[in-house]
Amino acid sequence: MKPALKRIAIACGGTGGHLFPGLAVGDALVARGCEVTLLVSSREVDQTAVKSAYGMEVESLPVVGLSRNLPRFAARFWSSLGQCRKLFRENRPDAVLAMGGFTSAPPVIAGKLIGARIFLHEANAIPGRAVKLLAPLADEVFVQFPAAMPRVLSTDIRATGLPVRSAMEPIEKADARTALGLAENQPVLLVMGGSQGAQSINQALIESLPRLAKAVPGLQFIHLTGGSVEPVRQAYDALGLRAVVRPFLTEMEYALGAADLAVSRSGASSLAEFSAMELPAILIPYPTAVDDHQRINAQSFVDIGAARCFHQKQLTPHLLVSQLSELFGSPAKLGAMAASMKKWKAAQATEVVVQRIYEVCEWEDDGGDELMFDLPGGKEAAA
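Note that our numbering has the sequence shown beginning at 27, numbered continuously upward.
Warning: the hint list may mix true and false statements.
Said to hold, decoys possible - For lysine-lysine, the following PhoX-like pairs were computed, each having C-alpha atoms within a straight-line distance of at most 25 Å:
{"hint": "1", "residue 1": "Lys199", "residue 2": "Lys32"}
{"hint": "2", "residue 1": "Lys112", "residue 2": "Lys138"}
{"hint": "3", "residue 1": "Lys359", "residue 2": "Lys240"}
{"hint": "4", "residue 1": "Lys112", "residue 2": "Lys32"}
{"hint": "5", "residue 1": "Lys369", "residue 2": "Lys359"}
{"hint": "6", "residue 1": "Lys368", "residue 2": "Lys339"}
{"hint": "7", "residue 1": "Lys138", "residue 2": "Lys32"}
{"hint": "8", "residue 1": "Lys240", "residue 2": "Lys199"}
{"hint": "9", "residue 1": "Lys199", "residue 2": "Lys339"}
{"hint": "10", "residue 1": "Lys368", "residue 2": "Lys199"}
{"hint": "11", "residue 1": "Lys32", "residue 2": "Lys77"}
{"hint": "12", "residue 1": "Lys158", "residue 2": "Lys138"}
As the list claims (entries may be wrong) - Across the chosen pairs, the derived CB separations fall in these ranges:
{"hint": "13", "residue 1": "Leu345", "residue 2": "Glu256", "range": "23 to 33 Å"}
{"hint": "14", "residue 1": "Leu163", "residue 2": "Gln349", "range": "21 to 31 Å"}
{"hint": "15", "residue 1": "Leu139", "residue 2": "Glu388", "range": "12 to 22 Å"}
{"hint": "16", "residue 1": "Thr204", "residue 2": "Thr181", "range": "42 to 52 Å"}
{"hint": "17", "residue 1": "Thr314", "residue 2": "Arg98", "range": "55 to 65 Å"}
Keep in mind that the hints were calculated from the coordinates and are not lab data.
Where is the CB? At the ideal position from N, CA and C, for every residue including glycine.
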């Protein structure tokens with residue numbers, strides 16, 4: 027007798043921090059033979075990233091974040107809810123997994139109305155409004171940061187780490203650099219600001235380049251601008267510096283694998299990928315992030331010695347040149363930071379989430395014993 031098809035909808039759009047963990051879980055579920063539908067926004071970052079979503083259906087939802095424009099929000103919300111209800115009537119999911127953010131609410135509500143199992147994942151140390159509001163509807167809530175657990179109103183909650191794509195494993199720097207057209211034997215700095223808030227980092231880095239080129243001879247750059255590329259590329263070209271300049275990069279494993287150090291915002295997904303690739307970082311939290319969650323995210327990595335953190339008001343060319351020349355001048359310090367970054371690594375986070383979905387849905391599992399993994403600080407959790 028042919029086994030019943032397992033169907034799951036994953037709401038993961040809006041920012042890369044929601045999208046890429048959802049893709050990681052989707053890939054793992056497809057590999058187990060599940061039918062997966064990704065529910066994303068119409069934003070460019072979503073539409074570009076889902077091109078790599080092999081074996082999954084993709085639906086775009088007309089949603090916007092909660093803002094002062096309540097009529098617009100309400101209209102988009104009801105439109106999205108109606109689309110989800112129609113979609114779920116035509117192709118009923120057994121479970122809905124929402125990764126947080128403004129695409130979460132309509133699929134969760136539509137899923138609850140048809141009796142689907144509901145799962146949430148909160149990536150940040152300070153839970154977002156969507157997860158806090160939807161948690162009472164969930165069968166289980168997953169979090170990356172143990173510190174987030176008391177802030178979510180749910181009795182079924184566990185710290186799993188954040189799912190990252192299977193490609194996020196340390197690779198030979200020389201191979202990654204060759205793939206990007208960089209010299210194998212020269213140091214590499216990765217600069218990125220995420221899908222929002224990159225402009226201040228871009229500007230500070232550009233202004234630091236003349237002094238930085240003298241302070242760290244031979245330094246190469248991977249600069250993901252998050253927007254307009256030409257002004258940044260021209261700044262490198264004017265000084266004859268070797269740099270890969272892109273708005274963003276889908277194959278982030280090459281950028282992370284090639285780099286010795288990152289200058290970045292402290293979005294939850296970026297931090298999880300840094301830990302997976304054992305890449306130390308200088309973190310500049312996005313100052314207007316809701317509940318200042320990026321600063322709280324960053325603090326966990328500062329506490330274990332994996333990163334340094336500075337407020338955006340401190341982000342000057344003098345600071346960058348000072349910090350970068352110190353760290354690139356001391357391979358031992360970079361090595362110690364990389365070793366500390368590895369402490370946060372939750373290598374089995376994707377499988378733990380998938381395993382719990384199987385168990386709660388009472389699906390027949392094709393394999394795997396109980397998964398055990400370590401959390402930062404020596405804590406242990408079981409799935």
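For each hint, the structure was consulted:
1. A C-alpha spacing of about 39 Å is found between Lys199 and Lys32, which places the hinted pair above 25 Å, so the restraint is violated.
2. The suggested pairing of Lys112 with Lys138 holds, with an alpha-carbon distance near 14 Å, which does not exceed 25 Å.
3. About 21 Å separates the Cα atoms of Lys359 and Lys240, which keeps this hinted pair within 25 Å; it holds.
4. Proposed proximity of Lys112 and Lys32 is supported: the alpha carbons are some 19 Å apart, at most 25 Å.
5. Between Lys369 and Lys359 the alpha-carbon distance is near 16 Å, which keeps this suggested pair within the 25 Å criterion.
6. At roughly 29 Å between alpha-carbon atoms, Lys368 and Lys339 are farther apart than 25 Å, so this suggested pair is violated.
7. Among the hinted pairs, Lys138 with Lys32 is consistent with the structure: their alpha-carbon atoms are about 17 Å apart, no more than 25 Å.
8. Distance check on the hinted pair: Lys240 and Lys199 sit about 24 Å apart at the alpha-carbon level, within 25 Å; holds.
9. A distance of roughly 33 Å separates the Cα atoms of Lys199 and Lys339; the hinted pair therefore is violated under the 25 Å criterion.
10. Pair hint Lys368 plus Lys199 holds up; C-alpha atoms about 17 Å apart against a cutoff of 25 Å.
11. Restraint check for Lys32 and Lys77: the C-alpha separation of about 23 Å stays at or below 25 Å, so the hint holds.
12. Between Lys158 and Lys138 the alpha-carbon distance is near 16 Å, which keeps this suggested pair within the 25 Å criterion.
13. In this structure the supplied range 23 to 33 Å holds for Leu345 paired with Glu256, their Cβ-Cβ distance being about 26 Å.
14. Our hint of 21 to 31 Å for Leu163 and Gln349 is violated, since their Cβ atoms are close to 44 Å apart.
15. A hinted range of 12 to 22 Å holds for the C-beta pair Leu139 and Glu388, which are about 21 Å apart.
16. For Thr204 and Thr181, the hinted distance range of 42 to 52 Å is satisfied, since their beta carbons lie about 51 Å from each other.
17. Checked against the given bound of 55 to 65 Å, the beta carbons of Thr314 and Arg98, roughly 20 Å apart, lie outside it.
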